[in-house]
Structure formats: structure tokens, C-alpha cells
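K.L.:
Listed below, chain by chain, are the residues.
There are 2 protein chains.
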Amino acid sequence: MTGRLYGVGLGPGAPDLMTLRAARLIEGASVIAYPTLAGGESFARSIAADLIPAGAEEIVLDVPMTLERAPAQAAYDDGAARIAAALDAGKDVVCLCEGDPFFYGSFMYLFARLSERFEVEVVPGVTSVTACAARAGMPLVARNERLTILPGPLPEAELTARIAGAESLAILKVGRHLPKLRDVIGRLGLMDRAVYVERATLPNEVILPLAKAPEAAPYFSMILITKGDDPWL
Amino acid sequence: MTGRLYGVGLGPGAPDLMTLRAARLIEGASVIAYPTLAGGESFARSIAADLIPAGAEEIVLDVPMTLERAPAQAAYDDGAARIAAALDAGKDVVCLCEGDPFFYGSFMYLFARLSERFEVEVVPGVTSVTACAARAGMPLVARNERLTILPGPLPEAELTARIAGAESLAILKVGRHLPKLRDVIGRLGLMDRAVYVERATLPNEVILPLAKAPEAAPYFSMILITKGDDPWL
Numbered sequence: 008m009t010g011r012l013y014g015v016g017l018g019p020g021a022p023d024l025m026t027l028r029a030a031r032l033i034e035g036a037s038v039i040a041y042p043t044l045a046g047g048e049s050f051a052r053s054i055a056a057d058l059i060p061a062g063a064e065e066i067v068l069d070v071p072m073t074l075e076r077a078p079a080q081a082a083y084d085d086g087a088a089r090i091a092a093a094l095d096a097g098k099d100v101v102c103l104c105e106g107d108p109f110f111y112g113s114f115m116y117l118f119a120r121l122s123e124r125f126e127v128e129v130v131p132g133v134t135s136v137t138a139c140a141a142r143a144g145m146p147l148v149a150r151n152e153r154l155t156i157l158p159g160p161l162p163e164a165e166l167t168a169r170i171a172g173a174e175s176l177a178i179l180k181v182g183r184h185l186p187k188l189r190d191v192i193g194r195l196g197l198m199d200r201a202v203y204v205e206r207a208t209l210p211n212e213v214i215l216p217l218a219k220a221p222e223a224a225p226y227f228s229m230i231l232i233t234k235g236d237d238p239w240l
Numbered sequence: 008m009t010g011r012l013y014g015v016g017l018g019p020g021a022p023d024l025m026t027l028r029a030a031r032l033i034e035g036a037s038v039i040a041y042p043t044l045a046g047g048e049s050f051a052r053s054i055a056a057d058l059i060p061a062g063a064e065e066i067v068l069d070v071p072m073t074l075e076r077a078p079a080q081a082a083y084d085d086g087a088a089r090i091a092a093a094l095d096a097g098k099d100v101v102c103l104c105e106g107d108p109f110f111y112g113s114f115m116y117l118f119a120r121l122s123e124r125f126e127v128e129v130v131p132g133v134t135s136v137t138a139c140a141a142r143a144g145m146p147l148v149a150r151n152e153r154l155t156i157l158p159g160p161l162p163e164a165e166l167t168a169r170i171a172g173a174e175s176l177a178i179l180k181v182g183r184h185l186p187k188l189r190d191v192i193g194r195l196g197l198m199d200r201a202v203y204v205e206r207a208t209l210p211n212e213v214i215l216p217l218a219k220a221p222e223a224a225p226y227f228s229m230i231l232i233t234k235g236d237d238p239w240l
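Heads up: the sequence lines are chains F and H, in that order.
For my numbering, add 7 to where a residue sits in the first sequence, where the first one is 1.
For my numbering, add 7 to where a residue sits in the second sequence, where the first one is 1.
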């Protein structure tokens, strides 16, 4: 009997925003896997830390941050091989994922490599999008409104077109793209409705009108713009 | 001291996909509020049922389903007044919300009425979008991909334009709009990539290629289309 792979969403950062299912799987795990970026601390592991059983085996995927994709993909090859060895030995493996595994999550690269050979269960998690909205007190979408989710690194012309054509908007991965995003949003006349959220639900969370956002934004930051023309909201 | 209002996301339906925070708040609640649609059973209450303390006071908002908005808004006025009375009496109120409170949730109408007078905490939940993706085994978005979320009741011309311009897509509230959506998606040549998901994470869940979806779809159904051109996925 081979083991089962779980891709477990941990939510946006506050440990009690993981699901009951995620907590139960982590507490019962004998093998845990998680990514680290370029040798740094694992954010995913830090969310789950209090629940990881003493003595659990830990498979660390150290993913290099390069513009070229091949080095990161080699790290996923290597990690998938180590996870496969545990699964082949009959052990279940719980892979820790920030947010939701299928929403900008690196677990997708493990899923692509392992889902045909092994049983995989993906446990969805609270995404940063609704966590930021909750913390900022901004209802996102009602009734027949549309929601557009855009990554901040997109080119300026594309961002301009997409933001202009959207209703409610969440712009992720703001980081060093903040000045460009602020320019685009300002030119479109949306600055009054734009809110900047950094590290939502964590102790060092920041929520500010975009116009007052700091110059240096971390990777885990977001801009929310809501339609806001429903007279009942 | 007035009480605090909690808008608690319960996730997509499986009770263990609510967050640890949601479960703790429900287990400790003395007053619970939730909506029902036109006198039907409350889906939100059914998700939380096993955790609601015996003897908790229950405030039921019976929301009529009419095309006109005024009758539903009168029900929110009435519900908000009853919740306000409990808060004024110093009791905390836990309002149960399917999915996430700020993502197409009726809690937004209570938030609009009560957030200026009372302390409100919104607890985000797992949305149906990532729950459907998890169950269907469909990674949603990676890297710099965009995600568009559209409600199925939008007019056909707008759906056609929005779907054509999107990368990954989640179309919610499919229900009786299924034939129209199937036509649009077929004409755009996207049928092979479109998956139909009904009641994700519940025992009567259905997952099918859109081409094989049933004629009669329930309100809680979704169509997912993913970009799917990343060679590493």
C-alpha cells in the first residue's frame, strides 16, 4: 500500500485561520513537506509549527528564486522524488501550503509530478484575497458583480487595461511593483477606493489607503479596489 | 458594554472545512444569527449544526427571493434590528455565513447596517472557488496568471466578452443559466477545458466535464476553466 499525499492549505497566516481538516491532518502527520524560498524560513511551516508532531520527518524543498524557471523546477523534481519515496514506503505525506494549494501555490508543481502515480487530496484554504477584505472591512463582491484577480508583476499596459475594465479587484504580489501600481491606479482615478494591505491577519499587519502606503512593500501585500456603488452596501 | 458582532465564514459545505477560529466562536456563542432563503432550511446553519451550543438563542433572517430588492432589504433591516438589540444588551452575536462573508455573502448587508455602531469582526472562510478547484484537481492560477470570477446570471453578450478575455475563470451561480453558459463556452472553443462542479465537498457532490453536465443545475454549482498552458503544470 502506497501512502496518500495531502496538499493542505493553511490560510493567510494566523494559525487559527487554518481549517479543522488541515489541523487534524497536521497533528496526525508522520511526514511533513514544505517549501522554503532560497534558504529562508518557511512561512508555511511557521503557520503550522504548533501542530507539527515532535519526531515527524520533514521534507524541505528549497526553491531558488531565479528569473529562469529551470532551477526551481529542478528543486520540485528533487522534492517530488523524496516525497514519492515516502509514499512508496507506505507513509502519508502532508504538504504544507500558504493560503490555498491551487491559488498561486507551489504545491501545483508537486501535484503535476505526483497526481498520476499517487492518491492526492487537496485541502482548500482561506486565500489572502478574502482575508485582506475581512481585515480591511471591504465587502468584495455582491449579487452579479465581477471580481478580477491580477498579479502586480504584469506589464503596465496590461494592468491599465485590466484594471480599467474590472469591477472589484484584488492585486496580489505587490512588492516592488507598488510604485507602478500606484501610478496606474492614480491615472485611472481609482485612488480613493484603493486600499493597501500587508501581511493580513499576522501581528505585523498593515492596512492603509493606497495613497498612504509605504514605499517599500513586501511580497505578501495586496491592493483591493471594490466597486462600491451598491446603495445597500 | 455592548457586544461584538462576528461574521463567520463557514467554508464551502463540509463542516471540517471551517476554520479553527470559526469553530471556536460557534462553540462559545450564546447568540447565533443566520439567513434562510424564503423559509427554506439554512445551509449555513446545517454546516455549523454540530457545534451550536444547546440553548443558544437563534436569530433567523428569513430573506424573501424576489427580483425587486426592497423586500430582502426590509428583511435585513429587521434582522439587523434584532441583532442590534442583542448587542446593546451586551451579548456577542455570531452570524453564520456560507463560504466567506464578503464574497457574495448576505452578511455584507448586516455589516453595512451595523459596522458603524458596533465592533464587528469578519472571519474569512474557504470560498467555493478554491474548494471546487481542489475537488476537481484543477490548479487555478500560477505565477502571473489572472483569475476572473463571474456570476452566471450576467447577460450573454457580457459573459462572451469577459470569458473570451480571461485566462483562468470561475463562473458562479450557474443554476438555470447552465444552457446559456454552455452555449457561450462552446462557441468560444473552451468546452474541452471547462469542468462543472456541483455542491463541492458535500456528500452529493458532482464533478463532470461541462459537456456532460446535467440539464438542471442547482444554484450551488460552478464552472471552472483554467488556462492550462504552463508546461510545468
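One thing to keep in mind: the hints can contain errors.
It does not matter which identical chain is used: a pair holds within one copy or between any two.
Stated by the list, open to error - Within a straight-line C-alpha distance of at most 27 Å, the following computed DSSO-like cross-link-like pairs (lysine-lysine) qualify:
1. K187 x K98
2. K187 x K234
3. K98 x K180
4. K219 x K98
5. K98 x K234
6. K219 x K187
Rather than coming from a laboratory, the hints here were simulated on the basis of the structure.
K.L.:
A separate judgement is required for each hint: does it hold in the structure or not?
P.N.:
Okay, the hints, checked on the actual structure:
{"no.": "1", "hint": "K187 x K98", "result": "neither (47 Å within a copy, 46 Å between copies)"}
{"no.": "2", "hint": "K187 x K234", "result": "both (21 Å within a copy, 26 Å between copies)"}
{"no.": "3", "hint": "K98 x K180", "result": "neither (35 Å within a copy, 40 Å between copies)"}
{"no.": "4", "hint": "K219 x K98", "result": "neither (50 Å within a copy, 36 Å between copies)"}
{"no.": "5", "hint": "K98 x K234", "result": "neither (48 Å within a copy, 33 Å between copies)"}
{"no.": "6", "hint": "K219 x K187", "result": "within (15 Å within a copy, 44 Å between copies)"}
Checked against the numbered hints given earlier, this structure breaks hints 1, 3, 4, 5; the rest are met.
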